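*Asks:* Residue numbers (our numbering), protein chains in the order written: chain W, 1 to 326; chain C, 1 to 102; chain E, 1 to 506; chain D, 1 to 109.
By construction, these hints were calculated from the structure, which means they are not laboratory data.
Model, not experiment: these values are computed from the prediction.
Just so you know, even glycine gets a beta-carbon here, dropped at the ideal spot from N, CA and C.
Keep in mind that the hints are not guaranteed to be accurate.
[What the hints assert, rightly or not] If you only want the chain E side, here are some residues facing chain C, beta carbon under 7 Å, derived:
hint: 1; residue: F134
hint: 2; residue: L160
hint: 3; residue: I179
hint: 4; residue: G182
hint: 5; residue: M186
hint: 6; residue: K372
[Stated by the list, open to error] Computed list of chain W residues with no C-beta within reach of chain D, every gap over 10 Å:
hint: 7; residue: A11
hint: 8; residue: I15
hint: 9; residue: L72
hint: 10; residue: A98
hint: 11; residue: L100
hint: 12; residue: G170
hint: 13; residue: V189
hint: 14; residue: L190
hint: 15; residue: V193
hint: 16; residue: F250
hint: 17; residue: G273
hint: 18; residue: A283
Here is how the chains run, residue by residue.
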Amino acid sequence: MGDLIDLVLLAMLAITALQMIFLKDLFAVVMLFGIYSFLSALIFINLDAVDVAFTEASVGAGISTVLMLGTLALTGRKEKKSSHSSILPLLVVCITGAALIYGTLDMPPFGHPNNPIHEHVAPRYIEESPKEIGLPNMVTSVLASYRGFDTLGETVVVFAALIGVLALLGVRRQEENDVPESGFKAHHVLHVVARFFIPLIILFALYVQFHGDFGPGGGFQAGVIAAAAFILYTLVFGLSRAFAVVGPKFLQALASIGVLLYASVGFFSMYKGGQFLDYSKLATDPIVGQHYGIIIIELGVGITVFAVMLSIFYAFGSQAERSNIQ
Amino acid sequence: MMTGFYIVISANNLVKKIVGLNVFQTSVFMLYISMGKVNGGTAPILVEGVTTYSNPLPHVLILTAIVVGVATTSVGLALIIRIKRAYGTVEENEFENQDDAI
Amino acid sequence: MLEQHLATLPILLPLIAAPITLLLGRSLFLWIFATAISALACYFSWQLLAAALTESVLSYAVGGWPAPWGIELRVDAANAFVLLAVSALSTLVLIYSKDSIEKEIDSSKHTLYYTAHLLCLAGLSGILLTGDAFNLFVFLEISSLATYTLVSLGSDRRCLTAAFRYLVMGTIGATFILIGVGMLYMNTGTLNMLDLANRIDIYESNRTINTGLAFIMVGVSIKLALFPLHMWLPAAYTHAPSAVTAFLASTATKVAFYVMIRFIFTIFGWNYVFEEMGMDLILMVLAIVAIFKCSYMATVQSNVKTVLAYSSVAQIGYMILGVSLVSVTGLMSGLIHIFNHALMKGALFMAVGAVFYRVGSVDINAFKGLGKQMPLTMAAFTIAGLSIIGVPLTVGFVSKWYLVTAALEQQHWVVAALVLAGSLLAVVYIGRVIEAAYFQKPPASRDSNQVKEAPWLMLAPMWALVLANIYFGIDTSLTTEAARSASEWLFQTSAIAAASSVEVSQ
Amino acid sequence: MFILDIISSVLLIAGVFFGFSGALGLFKFPDFFTRMHAASVTDSIATILILLGLILQTSFDINTAKLLFILAFLMITSPTASHALAKSARHGGLLTLPETQVKQQERTY
Chain W
1 MGDLIDLVLL
11 AMLAITALQM
21 IFLKDLFAVV
31 MLFGIYSFLS
41 ALIFINLDAV
51 DVAFTEASVG
61 AGISTVLMLG
71 TLALTGRKEK
81 KSSHSSILPL
91 LVVCITGAAL
101 IYGTLDMPPF
111 GHPNNPIHEH
121 VAPRYIEESP
131 KEIGLPNMVT
141 SVLASYRGFD
151 TLGETVVVFA
161 ALIGVLALLG
171 VRRQEENDVP
181 ESGFKAHHVL
191 HVVARFFIPL
201 IILFALYVQF
211 HGDFGPGGGF
221 QAGVIAAAAF
231 ILYTLVFGLS
241 RAFAVVGPKF
251 LQALASIGVL
261 LYASVGFFSM
271 YKGGQFLDYS
281 KLATDPIVGQ
291 HYGIIIIELG
301 VGITVFAVML
311 SIFYAFGSQA
321 ERSNIQ
Chain C
1 MMTGFYIVIS
11 ANNLVKKIVG
21 LNVFQTSVFM
31 LYISMGKVNG
41 GTAPILVEGV
51 TTYSNPLPHV
61 LILTAIVVGV
71 ATTSVGLALI
81 IRIKRAYGTV
91 EENEFENQDD
101 AI
Chain E
1 MLEQHLATLP
11 ILLPLIAAPI
21 TLLLGRSLFL
31 WIFATAISAL
41 ACYFSWQLLA
51 AALTESVLSY
61 AVGGWPAPWG
71 IELRVDAANA
81 FVLLAVSALS
91 TLVLIYSKDS
101 IEKEIDSSKH
111 TLYYTAHLLC
121 LAGLSGILLT
131 GDAFNLFVFL
141 EISSLATYTL
151 VSLGSDRRCL
161 TAAFRYLVMG
171 TIGATFILIG
181 VGMLYMNTGT
191 LNMLDLANRI
201 DIYESNRTIN
211 TGLAFIMVGV
221 SIKLALFPLH
231 MWLPAAYTHA
241 PSAVTAFLAS
251 TATKVAFYVM
261 IRFIFTIFGW
271 NYVFEEMGMD
281 LILMVLAIVA
291 IFKCSYMATV
301 QSNVKTVLAY
311 SSVAQIGYMI
321 LGVSLVSVTG
331 LMSGLIHIFN
341 HALMKGALFM
351 AVGAVFYRVG
361 SVDINAFKGL
371 GKQMPLTMAA
381 FTIAGLSIIG
391 VPLTVGFVSK
401 WYLVTAALEQ
411 QHWVVAALVL
421 AGSLLAVVYI
431 GRVIEAAYFQ
441 KPPASRDSNQ
451 VKEAPWLMLA
461 PMWALVLANI
471 YFGIDTSLTT
481 EAARSASEWL
491 FQTSAIAAAS
501 SVEVSQ
Chain D
1 MFILDIISSV
11 LLIAGVFFGF
21 SGALGLFKFP
31 DFFTRMHAAS
41 VTDSIATILI
51 LLGLILQTSF
61 DINTAKLLFI
71 LAFLMITSPT
81 ASHALAKSAR
91 HGGLLTLPET
101 QVKQQERTY
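Let the hints inform the model, and build the full structure from the sequences given.
*Replies:* Here it is, written out as structure tokens:
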């Protein structure tokens, strides 16, 4: 049954991807990309990767699509007919594809419990992590503790993206003007519903943030969801009112603080005599220490991701407004 | 599992290129996740009475990779907006014609 | 306490400093802060190199988790050596950039410049020090994202398309590395490099591992700008701000080169890569083609930055050539050339940046008559240029010498001859610029009062590099010592891994 | 339990039917507003039926509560989305099919 679902999903995935090649309407391409992301999230669930599915749904289908749509609004939705030949790229793709298929020939059988990856490093995570770290969600344990350095790197990547977008677009505070900023100004229904929903979304984000130790979720997903709440607010009420709620400068500071919070946990554990990011040293009981460490670094991740995603959206949004006014 | 989706990369339009990159990366993610699956296992969240779990390590790696992917995407899109403003087009051959080739 | 954490500091200092710079905001203060951080990182990497030379390997388990489970930082002579070059260059470029970016980057973006520079430094150091294949990917992305940002800060609109092309190529490269690492992981169940090396040998001639190797090689080659995949590099280097070009040209590709060495020698083992896969021949041919094609391209360009960018691709060819000779001396020449090329290309790009600062153009016509108007800058350019050519008493001579020696050791007479012929092309492209500077009259349109010597903050780091060029060209003991012990160590561990696999298979 | 299963499968099948007819309508209907009408059928009745069917499948624990939450959210969001879409379309000057025909006739005269 699971295999059947997998197959159907994969077939749909392939169709979506192929369709993307031939469509010239970029708007449709981006929409198909959203569908593609959702489909792959479903496959991830089927393959037991709930955390990944959650992230893919919120990031791939959510933030990426929104950003792409924002870009399309500025660049136009039609792709022009390509003039140069497509034989060379096709050749490269065929060679790469052939190499991949060649590579799969000696791949360990799918799903077999005796595969090398299930025998070598992972058993320790599965068997010991509940005892060593004390969290039921092993993904969180591995993410935040065993491979905490990766996650620090990941947070910094997000931060680097903020730097990149700011350097390219910059966020400028708009002067007060009477130009209607958003077509949604007159939507009373939307206003009411949005007012009702935004607190709920934020509440959900907080739940995801702090429940990540037990179920799927964690700082990254929570940050994205919280950012989504504010993006909704911005869409409905316009950029300048959103700036009044959380200003771009404040967000930049917040992004830095998130990274620093994460790193300071590491430095604190150094100070306590452990290695960098060794949470066991944070409290007298190592498991309690691990708990503290994970909660704080997840918070750091959440803050940074929230601030960065929202800043990037602001940057794209203010570009859109500038071009509207012109 | 991840057949030649990369054709998308050969696109002429920059936005489509970015979409293509994302599709490419997502299929790589699927490669990783598929190797973490254990037949008869469940999601790696501790539940009483379950002994086989899928491998959590690929999940962790891909969580990180997704984040990296979205970071690259956003910078790429920001670049596209600037290119549009500087050249008035986002078709690769058009702005190549505007500058003499290097 | 610092002793114990020495391995983390070169990564963590810039990593932490980057968000702090974003919070600070004042340009002058920022410059001091960023430079100080970079200098500190440089100091610690010096200490690391000293420690690595005495103790051979330092290992640091991040988070207190032992190696295959947690992430390990491994320092040996090879990466400590490259790290020293990277952080030293970063410091000098930061000193240099104060005046340089004033001219080329909008003042509202100075903060972002420093932040991105520090992030890039942190990423590069991370790549160098980490002992974990996936962690390497993460740091690769940090440095790449920072690099795209830095390139796109240029004043010409063409920097945008250059950055975009770089972004697409870079992301494809990184994804290829990701696929390759995935395939290795699939067959071994581990991501730690040392552990990978031990477990790969059990699976001799496994097709998935071979494919993984191929993907990693292609991915790294894109990052490295190895010949057929170098298309992004000249555009990116030409249109990026001068300080950025000086930094990137002397560090980013070198780090990619290091990654390639690490994968070949530490993970796969050189006899596997070279003898069973025949990779040495492919690399050698590509390297020689790169040297000639790109040196030729360099001779016909009119933009001096582009000339130097093509020359960089050619120089990468020399490094790869050193590796493909499969001998201690060959690898040693490659490693020395990392360090030496950083010295000379850094100086050359700084000189070009100084010309841009005063003249406002880097076209070869703009160099006419500069020998009189900017004597110090042009003298620096000339010495560094001689070094690229490989004239004795400069560092360029040292690396060429070892490269030719290595080729002769292996009886590759043709290769040795080709290396020397490649130097002749370098004479042509460097010579054109020098000829324009010293033997031609300045164009009449230029106001000779405005064009004067570059500010001392630009001259000082430039001359520091030039003097280093000469110093390390005469006193070769430090570089050759470090490079020799590094390459011997790499071959040794490679051999140990191979030996242990024989034991396992018996 | 048996009766509950039957009820839930009836609900699920009905939901799938409405979902399918909505998708069909999305393709077949002539203009924007009728198409939107078809799409909103999928949004509203189909999802409600499917969710109700799923609720009956659970054993009335925390999962039921989660499903109820989803139901409540959908009841609010999907009409709002449809409303916003229709209003924007109207605002942007899109006409229904009869209106377009009237306009065309006026133009021909």
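*Asks:* Identify every previously stated hint that the structure contradicts and give their numbers, smallest first.
*Replies:* Hints 6, 13, 14, 15 contradicted; others consistent.
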